[in-house]
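Undergrad: Residue strings, one per chain:
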Amino acid sequence: MQRRELLEKLLDTALAMGLLAPLGLAVAHAQPVSEASPATDLETATWLDHQLRQLAALDSSEQSVPMFLALENLADGPAAAPAAGAALNPELLAQFERYADLLLQFKPNANENDAVSLLVLMARQGLVPGSMEMCW
Amino acid sequence: MSTPVSFAQRRQELGQLLARQPLVRAINFHNTSSWRNAEFEQQLQHIAQNFSTPNQDDLDRYLQTGQWHKDKPGVILAFYEGYRSNYDVIVPMLDRLGLIGWFFVITGFINAPVEQQLSYANRHDIGMDLGEYLDGRYAMSWEELRSIDGRHVIASHALSHQFLEPMDEATRREEIIGSQDSFRKELGHPVKTFVSRGGPAFGENPAVDALVLEAGYRFQVSNFRIQRLPE
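These protein sequences, in sequence, are chains A and B. Sequential numbering of the first sequence, starting at 1, is according to this note's numbering. Sequential numbering of the second sequence, starting at 1, is according to this note's numbering.
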């Protein structure tokens, strides 16, 4: 069975079990979802769904919102140039792409804000005790 | 007020940033009400233990050398609008923990007379925890800003928290250069960093870019970037 087919089967099972639901509908979690990054695709999809709901409920005028910012040097002089031919942040890039693929599985009509939310979630992970992940 | 894009387009843009640019985390705050004191304290203690908080000189050095000179990764603590609660609640924590905050100030909010600050906030989409300050002063004062200047980063969030793109030239000039003029007058020097509402990046609007350079800003912060600007 191809990986994609397996994932679709897992997601179908999860939907049938009520573990996932289209955004906008309530999802009941029997156990609190861990803040730490999960491992399997099913766990990750469940985690993403939960985290995106939490993020949507956040009051950004009163609560902090983390983000990654790219540093660019537009001034003259030597810049912190990325290595040619290689991703500068390969693990983060891989994680982002994985999250984006999974998100589209349970939210095919995802919009640009959802893409930004994925980055917010990734930035947040490193700020939660026990899930440190370094940049720079 | 940027042009809407699709998930795929935004995904591609963010993926390219992750692939090609060095990154720094930022944590964006707005109003910091005192009833969330314990939450902020816990968060900032974690930052102090695990991260360093750069100022503009640190970013300058990194962008010129490509070498991060601190022993912990950087995170920018960004406080938007110029709320009095930032000064009352957050600044004492930052100082006690040895952290640097970046305060992006809407100069029109700071300059508004106390009795008009609430209505100013309502008219300029500045979220407010009503009732927190019974004396009606919801913005930081210039005296408070002067007291943290240098120890923390004070930056421009323009004059009045409006989207710059649809403005006429004169209004846009007042937003970008007029804001810098207030800093010159009240702090005695220009500030180095600018961010406008909606966070468009340098390079997205030539008319805005020209005014940002004319005002003498050296960094521009936007939704996904910090740019060291051409001199």
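The hints are simulated quantities; they were obtained by calculation from the structure and are not laboratory data. Careful, some of the hints might be misleading.
Computed footprint of chain A on chain B, listed as stretches where at least three residues anywhere in the stretch have a Cβ under 8 Å from a Cβ of chain A [said to hold, decoys possible]:
| # | segment |
| --- | --- |
| 1 | 42-52 |
| 2 | 55-67 |
| 3 | 157-171 |
| 4 | 219-231 |
These figures come from a predicted structure and were not determined experimentally. Cβ atoms here follow ideal geometry from the backbone N, Cα and C, with glycine treated the same way.
Undergrad: Hint by hint, say whether it matches the structure.
TA: For each hint, the structure was consulted:
1. Here's how the segment 42-52 of chain B fares: 4 of its residues keep a CB closer than 8 Å to some CB of chain A, so the rule of at least three is met and the hint holds.
2. A count of 6 residues in the segment 55-67 of chain B with a Cβ less than 8 Å from any Cβ of chain A is obtained; the coverage claim is therefore met, three being the minimum.
3. With 0 residues carrying a beta carbon less than 8 Å from a beta carbon of chain A, the segment 157-171 of chain B misses the three-residue requirement, and the given coverage is violated.
4. Here's how the segment 219-231 of chain B fares: 10 of its residues keep a CB closer than 8 Å to some CB of chain A, so the rule of at least three is met and the hint holds.
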